[in-house]
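Just so you know, the protein sequences line up as chains A, B and C, in that order.
Numbering follows my numbering, with no gaps: position 137 of the first sequence is 137.
Residues are numbered in my numbering as their position in the second sequence, beginning at 1, plus a constant of 1000.
Residues are numbered in my numbering as their position in the third sequence, beginning at 1, plus a constant of 2000.
Calculated directly from the structure, the hints in this document are not laboratory data.
A few of these clues could be false.
Claimed, not checked - Cβ-to-Cβ under 7 Å is the rule here; a few derived chain A residues that face chain B:
id, residue
1, Ala25
2, Pro41
3, Pro42
4, Thr75
5, Ala76
6, Arg78
A virtual CB, placed ideally from N, CA and C, is assigned to each residue, including glycine.
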Amino acid sequence: MRVITLLTDFGLEDGYVAAMKGVIASVAPEARVVDVTHLVPPQDVAFARFRLLTAAPFFPPGTIHVAVVDPGVGTARRAVAIRCRSGSCLVGPDNGLLSGALEADPPLAVVELSDPRFWRTDTPSATFHGRDIFAPVAAHLARGVTLEALGPAVPPDGLVTLDLRPPTPVAGGLEGAVQATDRFGNLISNVPAVLLPGNGAWRASIGGRTLPGHRTYADVPPGEALALVGSHGFVEIAVHRGDARSALGASVGDRVEIRWA
Amino acid sequence: MRVITLLTDFGLEDGYVAAMKGVIASVAPEARVVDVTHLVPPQDVAFARFRLLTAAPFFPPGTIHVAVVDPGVGTARRAVAIRCRSGSCLVGPDNGLLSGALEADPPLAVVELSDPRFWRTDTPSATFHGRDIFAPVAAHLARGVTLEALGPAVPPDGLVTLDLRPPTPVAGGLEGAVQATDRFGNLISNVPAVLLPGNGAWRASIGGRTLPGHRTYADVPPGEALALVGSHGFVEIAVHRGDARSALGASVGDRVEIRWA
Amino acid sequence: MRVITLLTDFGLEDGYVAAMKGVIASVAPEARVVDVTHLVPPQDVAFARFRLLTAAPFFPPGTIHVAVVDPGVGTARRAVAIRCRSGSCLVGPDNGLLSGALEADPPLAVVELSDPRFWRTDTPSATFHGRDIFAPVAAHLARGVTLEALGPAVPPDGLVTLDLRPPTPVAGGLEGAVQATDRFGNLISNVPAVLLPGNGAWRASIGGRTLPGHRTYADVPPGEALALVGSHGFVEIAVHRGDARSALGASVGDRVEIRWA
């Protein structure tokens, strides 16, 4: 039986996530459910987009990723299911949330979730499609319902994308931006490691500070700032055993400049 | 194998919930365990009661719901297991915590958990019945032990209930109260949607503010307050993309007045 | 299939824990994964040590406990897997984190995790061994790979331990220290119940306050402080329905004096 992952902004103190899991257990008792996170700041689609793109690649092919951060719930925004090149599926609102994961694992087929036979009820709550549409649709996929049965096809290039300022080559380097921070206060840029020089040294600048590129946190003394390639594959600004976000006063959207040393 | 859900005020930073799951895995290795929430404010029985009643209906029949918010642990308060009309079971202290879920799914049989053969040890911790009594009892139920084997029968009408001021009809409407808030700052009343007029318009007042009844958050501009029927089936006061609790300065227990428009 | 537990300081808002679970699902789809906690304060090895030692004993023999609080990731610190007397295994960095659990369940065999055949990749991230080394190694153990295959043997007495001031007998009692606090503000000492007199009364002092030893919280009125044996088996200072940490202004490391009454 397939794995279903859940990523929402529903938090952990209410019963919303549990209701989704109850619906899944009712439709697909054998499916294995894994939480990505439910602590996305309310309605922060960009935060959720980054978490999905960093977690999804590590799951087995065929995994069904359900992501629900959905400020437009109850409006005309589309609900979609997507089959990707890896064989995994994405299920959620078409608001850009899924677009980061699709860069690494492009969509082969997309459908709009318009067939109420695969919903929990044909009168879904206007405010909780996670429970009434997305969770049951994912459970039906896990049981073997084909993507095509869920609703009419949508052209993959019609999906909503979330446009972040992409990394731009400049003389002797690159310019990008902080796309996310994490629990440790690391500042994660949108510059992928593959754009760095293969062997050479490099440095990163943010907010007037220039930091050498290193291999790991412990390459500098505790409390000192550095740049490195994080485990997600992007250039990251960190403080060894510290919090770069507060130490450098930086945050999401700030410009990051990479220079070959 | 059956689903066991867990709802506690044990939090997520300690190892208490994990100890309960270890005990369950030791007794019923095949049982599937789902968290409802562990972030109930310490000893807040009313909060826990609402989370259980909103999550339980979405699980498959036969699910065993374990709820442990237990200020009286180690005293003479009863520990009980209950079989409900749906076939699901509730396991926990008899302190009103279970009473909300029982309104929708009435008790058919109740027993007091007095037989130590189904506990983890016959000398249970005086402070952690979750690990030593409730979790192992639930695991034995999941393996097929009958409810009746767990201890002597208790009359269902002898269970402790948590009395909230019930919604009261008044001329042209209803009066109720806020029974819970959630992560988004929504104010959830105890007025069920079934008491609203079938087709007509309605409005809700709280703290001197009167708000029109709508279908979904996006029916008003961002930042604006509204009333609607939440996904739990109760009238809710919300702010579109905002936090009604702080915007309106309201909280649990505040009076909510519903009027037909 | 065996149980794998996870204990980290990765938090719940990012996708780090999910990435570990994705790796486990890829290698050992049938393994059952249980979270101990991911809310260890960043790099707080002592906090993590206590949570592991209180949770591990309740899991079935053969469980694989993965614990990753790893300030030295990417340096020369050893990564190890340990088979304990109970048949359970511990997997993590050799930095003292595992040493508390080993006091109750001594190591029979220890290996250094140096064979990349059991890693996710032979070029692991320098900063995320949880995903690239510890999770896949645990999954291979769950599938039946022997501990000895994972790398060269290490002498068990060469493992790093975390030295806390041990409880010391004094005239008419014992002296110890607060080793941890929990969500409820309870102050948990490192004095085990087995060192208390079998039947006699006792009292505990902390920060100039002397408190009688009781059986459970409800033995004193709400708001009053007491000492008792907590569910973890250590002497604990608590406030009934209150928070001893803030009420007494005490914290980890503070001296606790036990006297026979």
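Do the hints match the structure? See the list:
no.: 1; hint: Ala25; verdict: holds (5 Å)
no.: 2; hint: Pro41; verdict: violated (10 Å)
no.: 3; hint: Pro42; verdict: holds (6 Å)
no.: 4; hint: Thr75; verdict: holds (5 Å)
no.: 5; hint: Ala76; verdict: violated (9 Å)
no.: 6; hint: Arg78; verdict: violated (14 Å)
When each numbered hint is compared with the structure, violations occur for hints 2, 5, 6.
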